[in-house]
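> Generate coordinates for the entire structure from the input sequences, incorporating the hints supplied.
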Amino acid sequence: MSTTQYLFSGFGGQGVLFSGKLLAYKGLTEGKQLSWLPSYGPEMRGGTASCGVILSDEAVGSPIVTHPDVLIAMNLPSLDRYEDAVVPGGWIFADSSLIERKVKRADVKTVYIPATRLASEHNMPKLANIILMGKIFKELNEFNEESIQATLKKIISARHADMLETNYQALKIGADFE
Amino acid sequence: MAVVFQKPKALADIPMHYCPGCTHGIIHRLVAEVIDELGIEGKTIGIAPVGCSVMAYNYFTCDMIEAAHGRAPAIATGVKRSDPENHIVFTYQGDGDLASIGMAETVHAAARNENITVIFVNNAIYGMTGGQMAPTSLPGQITQTSPYGRDPKLCGYPIRVCEMLSQLEGPEYLERVTVNSVANIRKAKKAIKKAFQNQIDGKGFSLVEVVSSCPTNWGMTPQAALKWIDDNMIPYYPLGVYKDRTAEQEAAK
Amino acid sequence: MAEKVLMKGNEAIAEAAILAGCRHYFGYPITPQTEIAAYMAKKMPKIGGTFLQAESEIAAINMVYGVSSTGKRVMTSSSSPGISLKSEGLSYLAGADLPALVVNVQRGGPGLGGIQPSQSDYFQATRGAGHGDFRMIVLAPASVQEMAELTVKGFELADEYRMTSLILADGTMGQMMEPVSLDITVKPQPEKPWAVTGTKCARFHNSINSLSLVPEELEKFNSDRYERYAKVEANEAMAEEYMVDDAEVVIAAFGIAARVSKNAVNEARKQGIKAGLIRPITLWPFPKEVFADAAKHAKAFISVELSMGQMIEDVRLSTRCRVPVTLCNRAGGMIPSPEQVLAAIKQANGGEA
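Residue numbers (the numbering used here), protein chains in the order written: chain A, 1 to 178; chain B, 179 to 431; chain C, 432 to 784.
To be clear, the hints were calculated from the coordinates, so they are not data collected in a lab.
Since the model is a prediction, treat every value here as computed from it, not as a measurement.
Check before you lean on any hint, since a few could be wrong.
Computed list of lysine-lysine pairs in DSSO-like fashion (alpha-carbon distance at most 30 Å, straight line) [unchecked claim]: (1) 371/B / 631/C; (2) 477/C / 153/A; (3) 138/A / 435/C; (4) 381/B / 631/C; (5) 651/C / 719/C; (6) 365/B / 431/B; (7) 185/B / 405/B; (8) 474/C / 154/A.
This is the structure in structure tokens:
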């Protein structure tokens with residue numbers, strides 16, 4: 001059995017809930033069991049927003065992610081708050097254009113990517129979260145071309161079809177970043 | 179032999195529980211006559227309040243609902259919207275029901291121009307519970323809960339519902355009438371009929387306020403109560419049309 | 432089977448209600464259930480239905496009363512403080528024997544409380560949702576799939592027994608997304624000869640009413656209603672049993688608490704402790720028999736709740752206090768962790784907490 005718990009965290013407006021949805025839809029496309037649980041309430045308006053996603057081969061028990069296998073920190077408060085919660089041997093992905101410090105722990109795999117800077121360089125300022133997702137899929141060996149295309153089709157409504165290619169490009173930028 | 183007067187078909191043939199001299203019986207009859215004349219009994223659903231007319235659901239032959247105190251306009255909204263083409267909906271409410279506990283429901287149904295008919299019986303007192311102060315009790319009026327007379331400094335002023343609702347953009351038609359004389363009863367019937375006809379025509383929220391008496395709790399004879407309406411109620415609650423959108427639009431043409 | 436879609440629990444309720452034939456929704460905004468209203472506001476006009484934002488929860492439940500009086504499927508939804516406001520209407524619905532579906536996506540209380548998930552309206556739902564002798568069928572979903580399925584079931588039971596079905600969910604159930612199949616069979620709606628739809632001058636008038644001033648009559652109405660409730664108790668209690676057959680420590684938990692507890696049971700089993708879980712799906716009627724049976728072999732029960740301990744009373748009653756029942760809880764919007772529940776299991780099993 002394989003279960004992976006993801007925790008996305010950042011400022012409201014950075015698209016962390018959407019990142020989680022992208023991952024959840026990818027799981028759905030691949031026939032996995034899953035849950036997606038957001039933080040909700042006033043904190044969504046400017047404070048820290050977060051969501052937990054669990055992907056599993058069997059029924060998901062508690063949907064609450066307290067000890068993530070993978071932490072996606074899109075700002076410093078998120079890294080400060082959740083760094084210690086990551087399971088030993090887990091992953092921390094950090095947007096290094098917004099987080100100046102390094103991860104303190106030595107027992108986790110760490111990936112830094114200046115997602116926000118890359119987004120503005122490529123003139124896609126709202127897609128830093130998607131660039132980050134590209135990197136995550138790549139590092140976790142989850143960059144499956146077919147299911148990514150199917151996922152984007154599901155999550156981006158027909159009336160924004162032009163966004164589909166842009167989002168795919170953003171994923172590629174993340175995946176290709178060394 | 180020519181029939182000059184008979185019980186309306188929409189009024190059930192059972193004894194009413196109202197006190198001697200109470201005007202509810204007259205107002206019930208007017209509503210029933212209008213239902214008969216418009217031929218809408220089979221599609222009418224009436225909503226009774228909590229108050230003296232709580233048992234109105236027994237007195238009309240159309241389908242009836244008994245509401246929680248003050249909630250008749252909200253229930254009427256549900257009934258009307260469940261089948262707007264085929265339901266004619268009226269509420270029958272007293273002053274405590276409509277203007278105190280149910281004020282929010284009244285104001286918002288009016289603001290939405292909900293296509294219903296509201297018969298509002300204002301007798302300035304809570305009758306069913308034995309004569310307490312109502313939102314429409316007059317300054318100085320003695321009731322069980324204002325034994326020294328209603329003191330506006332202590333409990334505010336009575337609410338003029340038609341005037342208040344007339345400030346809203348929503349309602350179609352607001353008129354205040356009374357039933358203390360034959361002439362006034364005829365005018366009241368005309369207003370009630372218009373309030374139902376408006377609904378049939380899809381015009382929206384129509385409320386007729388009927389200034390009424392309560393000899394039992396006012397502590398006077400029925401005749402004295404009818405005179406008290408003229409002497410005390412009408413000066414505070416002037417009769418007349420407070421809003422008639424259709425007439426206003428015609429006049430503007 | 433239809434393709435699964437990802438939906439929030441709140442949206443699943445709304446979509447399932449439409450599937451069940453509900454075309455009238457009335458509500459008032461309150462976190463964390465507002466997605467239901469938002470979904471209905473978008474969908475209802477497109478399918479010839481009614482969405483109306485009422486001026487208050489009180490007005491909303493009375494609009495429900497109005498539509499239900501005419502025999503049509505209708506619903507409202509709210510969260511804890513809003514349900515308190517609806518309680519007057521819930522009592523009147525019961526008194527008039529009207530079917531309705533009401534959803535409570537619970538948040539922490541009392542008073543204005545918070546907006547985080549809670550289960551502290553258990554007493555209100557199962558015992559005290561208004562004045563007078565009455566019951567509601569209380570359904571407690573533990574997944575988005577169940578949010579949808581129990582919504583359909585709720586409408587069906589409400590119509591069958593002429594009473595309110597209450598979906599007792601919580602903030603996590605409302606807000607989380609899971610894959611859900613909406614391939615749900617809906618039974619045909621029953622005839623409602625009691626409804627007020629206009630007499631067409633062809634029958635004696637119907638009255639929807641809860642007033643009865645003759646005590647002998649009112650007693651009879653109540654007795655008849657309780658005969659119906661007895662049928663509900665005999666036929667409709669539902670629970671999920673997870674590893675209960677040989678369990679020595681049995682957890683009682685519903686909704687999100689059951690999801691957390693399942694993790695703890697799995698971990699306990701790995702560590703050699705015979706733990707199990709009874710998850711009531713109906714909170715009223717409470718699945719008493721399941722608990723009574725488990726009490727024959729279990730040595731301890733733990734009630735896991737997002738409250739100060741409410742369902743624990745029903746667990747004690749159902750197990751007839753044969754074995755100790757302890758409480759493992761968080762309140763005020765907090766959720767017990769699987770570790771906390773595991774510690775409680777170990778303690779109940781006689782080991783160190």
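> The structure should be examined with respect to each hint, and the outcome stated for every one.
Cross-check of the supplied hints:
As the CA atoms of residue 371/B and residue 631/C are separated by approximately 20 Å, the hinted pair is consistent with the 30 Å bound. Taking the CA atoms of residue 477/C and residue 153/A, the gap is about 24 Å. The hint holds against a cut of 30 Å. With a C-alpha separation of about 27 Å, the suggested pair residue 138/A and residue 435/C falls inside the 30 Å cut-off, and the hint holds. Restraint check for residue 381/B and residue 631/C: satisfied, since their Cα atoms lie roughly 23 Å apart, inside the 30 Å limit.
Taken as a hint, the residue 651/C and residue 719/C pair is honoured in the structure, with Cα atoms around 27 Å apart against an allowance of 30 Å. Taken as a hint, the residue 365/B and residue 431/B pair is honoured in the structure, with Cα atoms around 27 Å apart against an allowance of 30 Å. Distance check on the hinted pair: residue 185/B and residue 405/B sit about 27 Å apart at the alpha-carbon level, within 30 Å; holds. The suggested pairing of residue 474/C with residue 154/A holds, with an alpha-carbon distance near 20 Å, which does not exceed 30 Å.
The earlier numbered hints are all upheld by this structure, with none contradicted.
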